[in-house]
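Produce the entire structure from the sequences given, and follow the hints as far as they go.
First to last, the protein sequences are chains A and B.
1 is the number of the first residue of the first sequence in the working numbering; add one for each residue after it.
1 is the number of the first residue of the second sequence in the working numbering; add one for each residue after it.
Derived from the structure by calculation, the hints contain no laboratory data.
Just to be clear, a hint being listed does not mean it is correct.
As the list claims (entries may be wrong) - Here are some chain B residues the structure puts well away from chain A; computed CB gaps all over 10 Å: (1) Ile25; (2) Pro28; (3) Asp30; (4) Arg46; (5) His59; (6) Tyr82; (7) Pro89.
To be verified - In the SDA-like style, the derived pairs of lysine to any residue whose C-alpha atoms are separated by at most 20 Å in a straight line are: (8) B/Lys50 to A/Gln307; (9) B/Lys50 to A/Arg252; (10) B/Lys50 to A/Arg248; (11) B/Lys50 to A/Thr224; (12) A/Lys102 to A/Phe4; (13) B/Lys50 to A/Ser306; (14) B/Lys77 to A/Leu311; (15) B/Lys50 to B/Pro89; (16) A/Lys59 to A/Lys230.
Remember, predicted model here, so these are calculated numbers, not experimental data.
Yeah, the Cβ is synthetic: ideal placement off N, Cα and C, and Gly gets one too.
Single-letter residue listing:
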Amino acid sequence: MTKFSAFNVARNAFSASKSWPKQWRNPEPRASYDAVIIGGGGHGLGTAYYLAKEHGLTKIAVVEKGWIGGGNTGRNTTIIRSNYLYDESAGIYEHSVKLWEKLSQELNYNVMYSPRGVLMLAHNVHDVQSSMRHVYADRLNGVDNEWLSPEECKAFCPPLNISNNIRYPVMGGALQRRGGVARHDAVAWGYARGADRLGVDIIQNCEVLRIDRDAAGTVSGIETTRGYIKTAKVGVVAAGHTSVVMERAGLRMPLESFPLQALVSEPIKPIFPCVVMSNTVHAYISQSDKGELVIGAGTDQYISYSQQGGLHIAAHTLEAICELFPQFRRMRMLRNWGGIVDTTYDRSPILSKTSIPGLYVNCGWGTGGFKATPGSAHVFAASMANDEMHPIAAPFSLNRFQSGRLIDEAAAAVAH
Amino acid sequence: MLLIKCPHCGERPEIEFHCGGEAHIARPLDPSQLDDVQWAELLFYRANTKGVMAERWNHLHGCQRWFNALRNTVSDKILRTYMMGEPRPYIGGEAQGAATGTLSYPAPGERSK
Ligand SMILES: Cc1cc2nc3c(=O)[nH]c(=O)nc-3n(C[C@H](O)[C@H](O)[C@H](O)COP(=O)(O)OP(=O)(O)OC[C@H]3O[C@@H](n4cnc5c(N)ncnc54)[C@H](O)[C@@H]3O)c2cc1C
Ligand SMILES: [Zn+2]
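Laid out in structure tokens, this is it:
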């Protein structure tokens, strides 16, 4: 595999970039592996990468039912931030942001991490109080987050409408300057390429149908659409389909899967300098490097695996966008799609062992797990390798639903 | 947007309704007898079915009454709505009985009391 460098880019320019080799192999599944990751999204591919790179496992497979990055990894609005409320959340999301900052160098692959600032708007007294609480809690945890007045919000994001005449006027905002966006596909591809180089087999078009145990109750193998694979370690990283996969091991999960939608507009010249989120009016917006406005909407109210949400949900978000940014009113939307997000009761993820030895699960990232991709993969790999949850991952164990130690970011109103 | 047939009022658009999640979850007869694992199951564990599922709906901006619906979560098609208290009807082809499987927790050696 060729390393990306200025020299190699220049050299390949002479052949119109037609002589680049394939970036990862397309291997046949082997009869057995030391560890198998189910789900080829960013979290699964990243887990395989760190297992191989930092824990010396050599025979690893990532098994993906479709194509890598075709799940939520390739469907999200790519907002990255770490200004969550609770210590445990600050732990895992900040770990992730620190990895984002060096990820392109780490992978020798440009993931286009762009820390352009994430501004979270407040529209009522409760929002203001809750935002302030976040700002102070984050500072105690060493996470940057600052409060801006409406005028300061406008200076930071000139397209923003801060007039008093709208239904939910902007009363200020919490800004995380280190927050931003990254290129979603590049995250999946960069980890895939890096993992492949370390010998990981990435097996696409391969659905896991069953997870088996031996007489002692330990994981012994998986049945797939491309044959049987023996393994003693399985990590399930299947996002919206985690309940379905875990049921194939005979286990139930504390999850519900909902459709979440996003839209992009026609491409325009650079106009939008940052990321703006409003949990109150349900609007999430940034501009991609191609020029499209990238807009995130809300979830439907019912469980669904349809990968499409109701049109009224998207329309509701566009109404909010038009009110906050009136100059976008006449723009056309080019595409609208949905992903299936796995939500927990407290809206915090699950990284955990299970009642089956050798079976680990990383899920529950719901509407906001893209930002966590490197951090989640990194600590989940360590947990799988050592058969002991990494300290950053430990609070997110399944045990919390039984002990009552929830990490209640739901009450803290997170999304994306 | 779904078109939902309230058994009391007839077909109405989804925005009149609130979805209450999985139906037919039996409440404990004697809550004080439940241990932590049973509470976890009651409060947090859900079937999250891919396929035909029974769920509760409330006609919030209409008659405000609760009822149940069978809906296919792959196509989102509502197959039938029925009254609260009625048993779950089974329609040809689908698996019968409650979702199988044990809880994914507690992990061995980590069971807290
Ligand atoms: C519209 C939308 C907007 C979002 N916006 C943001 C945002 O702005 N910021 C943010 O941080 N997060 C956001 N998210 C959430 C984020 O996308 C996810 O939390 C994250 O990408 C999950 O990554 P993953 O690798 O766990 O899952 P996925 O990328 O979904 O990967 C799981 C993979 O498992 C595979 N799989 C499932 N079943 C099987 C099986 N039986 N056998 C084999 N493989 C299987 C699937 O095909 C899939 O590829 C958004 C999500 C959506 C849908
Ligand atoms: Zn009614």
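Going down the list of hints, with the structure as the test:
no., hint, result
1, Ile25, "13 Å, holds"
2, Pro28, "16 Å, holds"
3, Asp30, "19 Å, holds"
4, Arg46, "5 Å, violated"
5, His59, "14 Å, holds"
6, Tyr82, "17 Å, holds"
7, Pro89, "19 Å, holds"
8, B/Lys50 to A/Gln307, "12 Å, holds"
9, B/Lys50 to A/Arg252, "13 Å, holds"
10, B/Lys50 to A/Arg248, "12 Å, holds"
11, B/Lys50 to A/Thr224, "19 Å, holds"
12, A/Lys102 to A/Phe4, "16 Å, holds"
13, B/Lys50 to A/Ser306, "10 Å, holds"
14, B/Lys77 to A/Leu311, "16 Å, holds"
15, B/Lys50 to B/Pro89, "17 Å, holds"
16, A/Lys59 to A/Lys230, "11 Å, holds"
This entry does not satisfy hint 4, going by the numbered hints stated previously; all others are met.
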